[in-house]
Structure formats: structure tokens, C-alpha cells
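Those protein sequence lines, which keep their order, are chains A and B.
Note that numbering that gives the first Met the number 0 numbers the first sequence so that position 10 is 9, with each residue one more than the last.
Note that numbering that gives the first Met the number 0 numbers the second sequence so that position 283 is 282, with each residue one more than the last.
Some hints here could point you the wrong way.
Unchecked claim - As a list, the in silico DMTMM-like pairs of lysine to aspartate or glutamate whose alpha-carbon atoms are at most 20 Å apart: (1) LYS55(B) with GLU118(A); (2) LYS55(A) with GLU219(B); (3) LYS55(B) with GLU50(A).
Keep in mind that the hints were calculated from the coordinates and are not lab data.
Protein chains: 2
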Amino acid sequence: MSLAWDKMLSETLKVIALAGGVGGARLADGLARVLPPENLTIVVNTGDDLEFLGLKICPDLDTVCYTLAGIANPVTGWGRIDETWRFLESLVVLGGPAWFNLGDRDLATHIERTRRLREGQSLSQVTRAFCLAWGVEPAVLPMSDDPIPTWVHTDEGVLPFQEYFVHRQCRPHVTGFHFEGAEQSHPASGILPAIQAADLVIVCPSNPWVSIDPILAVPELYPACAVKPVIAVSPIIAGQAVKGPAAKMYAELGIEPSALAVAQHYRSSKSGGLLSGFVLDSVDASQSTRMVELGMQTLVTDTLMKSGEDRGRLAREILTFGLQVSGKEASP
Amino acid sequence: MSLAWDKMLSETLKVIALAGGVGGARLADGLARVLPPENLTIVVNTGDDLEFLGLKICPDLDTVCYTLAGIANPVTGWGRIDETWRFLESLVVLGGPAWFNLGDRDLATHIERTRRLREGQSLSQVTRAFCLAWGVEPAVLPMSDDPIPTWVHTDEGVLPFQEYFVHRQCRPHVTGFHFEGAEQSHPASGILPAIQAADLVIVCPSNPWVSIDPILAVPELYPACAVKPVIAVSPIIAGQAVKGPAAKMYAELGIEPSALAVAQHYRSSKSGGLLSGFVLDSVDASQSTRMVELGMQTLVTDTLMKSGEDRGRLAREILTFGLQVSGKEASP
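Generate the whole structure from the sequences, applying the supplied hints.
This is the structure:
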């Protein structure tokens, strides 16, 4: 694609990205490489937030911010690059709870966020200030300033999300989810105007059950997105999640994990038909036919993001597809 | 001195040490090198405690514990050896308040202490658990489980202690002190029985105004100590404090800083005559005469503790002097 095409793309499309953890953060970073910052708003899941050691921790929000800031750990996807673990080592000596990994640099985020929240700032205000400090230019917004903790229903009981995800390492079998307080929650300030101004909503390749569904559970968010062209990117490739328990969750809920299952998830959930377009990996190309039969447009491409270049390339392809889906397609 | 003498000493004397910051911690460590742990109880100032970044920080208590555990920073006296500063660096990037130095290892102490206090444990319970984890054998007790914050009256207003000490680097001129809530406070559990069982109270070479006076301001502590032989060690050598603002405080309060001034401080404060004996440095030997005239026994020796051996040697000399002062002197 030409530079002229890139320029046209970025001047034409205002984009909302819905994102959860590592996969979502990587595509959000790709979009940030292509779009001018004022044309990109990233809405992040906060259902996985936890209070740990008296600190407010927002794992998905931090993963997105660290990734966009270029300070994320490239190996794990979560946490910070060049991290050290002196705090955690010393905490273990004292017998403190150490099942949630808190690096020395990462800890500053949680301590300063907790301090500011106690001072009365909202989570979105704190996030804005941190993004400014880290040089993150696109708007990154928590889905809500209200707490909406995700609970995971399992054969071992109903567990707070991080208890299931980190402490129990996703071992319990999942039977369902609920997003506590979602009904009474409101989107963080700035989200609804950004959606209203947007040409395209991109659902990043994040876990549909525990990264995207919590966002869509915020009452005003779903209908605002539903009237826009929506493209989702499959987090499932060849029946496997690139990262995390998405495939395991599908299987435990009696659904064969596949790109098609993800597409149907977004098509069927809520009041129907969120998706206009779907992006799936080349290895799953055969599933495209059924999606088209279901009325979706599809983009079949290499969706695995190994490098920064991969992220930018995929973002560019998705945005081009988005022009087509949103009826804004123009010849370069 | 012979091993037999050491054995006799340690089997004879039960000792309470009152301690504040670095100097106090070093003599407490010396005593711990000489006495069996069951014969030593260290009562530590908590008037300098602060809440910072939502964390309960007890600088004097930590200095004593770290020193006894052999994990104190030997250069600064406070904080931990082999410390790293990734947390603080990252906090500065976020614009968080960073005037109080919190190292990565040190942070574990404050976070885990804060967590346990919020769970309902008392400061003395938490301190006992931490000492166990760090291998500190003598009993280390905060002077009280009640908060008794020290306020420093200065020409720039009344300041919380650490605001004066760390943030303003002791620059404001001191006009007085008060220990908020002292009147209603109680000694931490275990202190009074330990004093009652003790043969000797040692006032470590800590700042009289802001390390020792706060301890003696706990109502039941002073009378319990006053009926015991009490030896104080001068933190002032040749008119200077080895560390900290003690000499500056004396001067600003209109008293020439000297070992004699310290001795008179303990003799005159409260209901009179706390001291039975006083330990002063050889360079101040000439001041001994006046102390003897005031009815104190004196030990003139090298009181500067540069090495661990210095600490043990000074402790042994003080304990020998203590035998004499307490009337327990026996021939080796």
C-alpha cells in the first residue's frame, strides 16, 4: 500500500478499538502505528481489575498502555521490559501473598494509581495522566470508572477473575461468567462521544468471554457500538488461542473453539448482529464461507503478530477492510 | 575481657535498650552480639512513623530490624543493603511524590506491614513476624501500638517529623516538639513485663529530642524505667551528632550541644533523675567531672561505632559498666 493510501486511510477513518489483554494490546499498538492519535480511541476491559496488597491493579489497562508506550515485556506480553523482582523476593521472605507477579517498575504504576484514586481522581483521569507521562498519544480509556468485577463460574465455585486466571492458572472448568455491577455502570467519560464520532469499531483479538463481553456489558456501550460498522478479529487460530484460556473456555462451555465460533459469539450475543466484518487467519480460511453465508464480510490474512511490523501491517489491512465494510472504500 | 566474664555478663544482666535511628540501631546490634536473645528487649521509637503513598512506614523500627538482621545499608545506616531503585525511578516518571526514598526491597516491608495492619494485626505483632522472618532473635518492640506522631515546631510552622527530617532536610529552625496522643497511649504489649524483669535500661546513642523523648512520653514507660538503673550513651561527640540533627536542635533550642547537655537532658526532664550512669566519648572526657558532681557514674570510652566489632566492644564495655552501676559487679 502506498503512502498516499495510508494518508487517505488515516484521514478518513476514526476508529474505536475494544481491547483486553496481550492480543488486544498488540493490535491497538498496530493501529496506533498507522492512525493519527486523534483518530484512535482504545476502550479497555477493566473487569479483570483486582485489589492486591491494598493496591488497585488493572492488568488489561496496563498491558495496553505499556504496549503502546513501548515498555511492555515482549516475551510475556504483560508487565514491563527490563523488569526486576527485588520487591517480590523480599515479600516472599516476609511470607506475604506473592501469587500475583508485581515487578519493581510495574509496582510504581499500581502504587501511584492507588494513591491518586484515594485522592479522588477517576480511573480514566489517572490513565490519561499516566499515558501522558509514558508518551502514549491515542486516547486509552477504561471501559468504565465504575468497578465491574468479572466473576468466573467454575466447577470449583465462583472465582474472582484473577483468582481463576493467575492464582489457579485457569485450571478450574468454566461454566459461565458474570460482570458484577455492570447493569448500574456507565462508560467512562469520553467514550460515548468517541464512539458517536467513529466510523469503525474494531474488536481486537482478545478473549470474547472475559475481555470483550465485559466491555459490551456496560449498558450504553453496546447500543452505541451496534449502530456502527463493527469488525472483530479472531483471537482463535487453528482452534487455539494465541495466548490465554479462550479456547479452553469455549471447549468447557461445549463449543468447539474456532474463528467461526468467535464470529457467532459476537453475532448472537445480546440483541443480535454486532458484526459487519470478521478477520480470521489464513489457516482458518475455510471457515470464511460460513461467515459470508451469515452475512458478514471477511478478511482472511496472517493475524499472528510477532513483531511491531506485523502489528502495523495487520492494522493497515484491517483498516483497508474497514473502509470497505463501512462503505467508505475509495480507490487509492 | 575473658570468655568467662562474657558468660557471666550475659547470664547476669537482663537489658532493655531504648533506641531510635542509626546510632541506636548500631548499639542495639552490639548488645545483640553480646547478650543471649532472651536477655535483650529493644524498645523502638515510632514517633517518626509516617503514611506515605498509602503505606505505613516505620523508619526507626526498620532501621533497628534491618541492622540486627544484617541487611541494613552500611553506608547510609537506613534502608537495605544491595538495594535497587527501579520503583522510585518509575514513580518519578509518573509524577508521584518521591521525596521519601523507598528502595525496591524496602518496599516489601512497608507494603506487607500495611496489608497486615489493615487485616487487624498490631504493629508489634507484625514486627515480631518480620523479625522471625529476618532471623532477628532479641525482642524488638515498637514503643506503642498506638500512633504517637512527633510534630516538630519550627520557624516555618509545625511539621510532621519526616516532613521536617527528610523533605525539608532539617533546614527549618526548631523551637520545640510534641508527641501527639502520647498521653492516651499505652506501651506495646510485652514492654512493661520486660522492663520489670530487667536489671538495666540502656538509652542508646539516639537523638534525645526526637528518638528517646517520644519513647519516654508513653505514660507507663517512664516510671517503669525510672525505678531501674539507667545508663545513657551520648549521641553527641565533640559537640557534633554522629548522624542526624541532634546537635543542630540543641543549638536552635539555645543549649550548647555536648555530652553534658545530653546527660542533663535525661537528668532534668520529667520528674527528675532518670540517669544512674552516662557513657561519653574519650574526646569529651573533661565533661565527666561535672557529671560525677551531678551524681552520675560515668564511662569514658571510644563510642564511635564504625564496624561490627566496634559495636560488640562498646556493648561489652557498657554492660560491664552496667554491672557496676546496677550494683551487680562481680569479679571475673
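Inset, instruction - Starting from the hint list further up, note which numbers the structure goes against and sort them upward. - result: When the structure is compared with the hints, only number 2 turns out to be violated.
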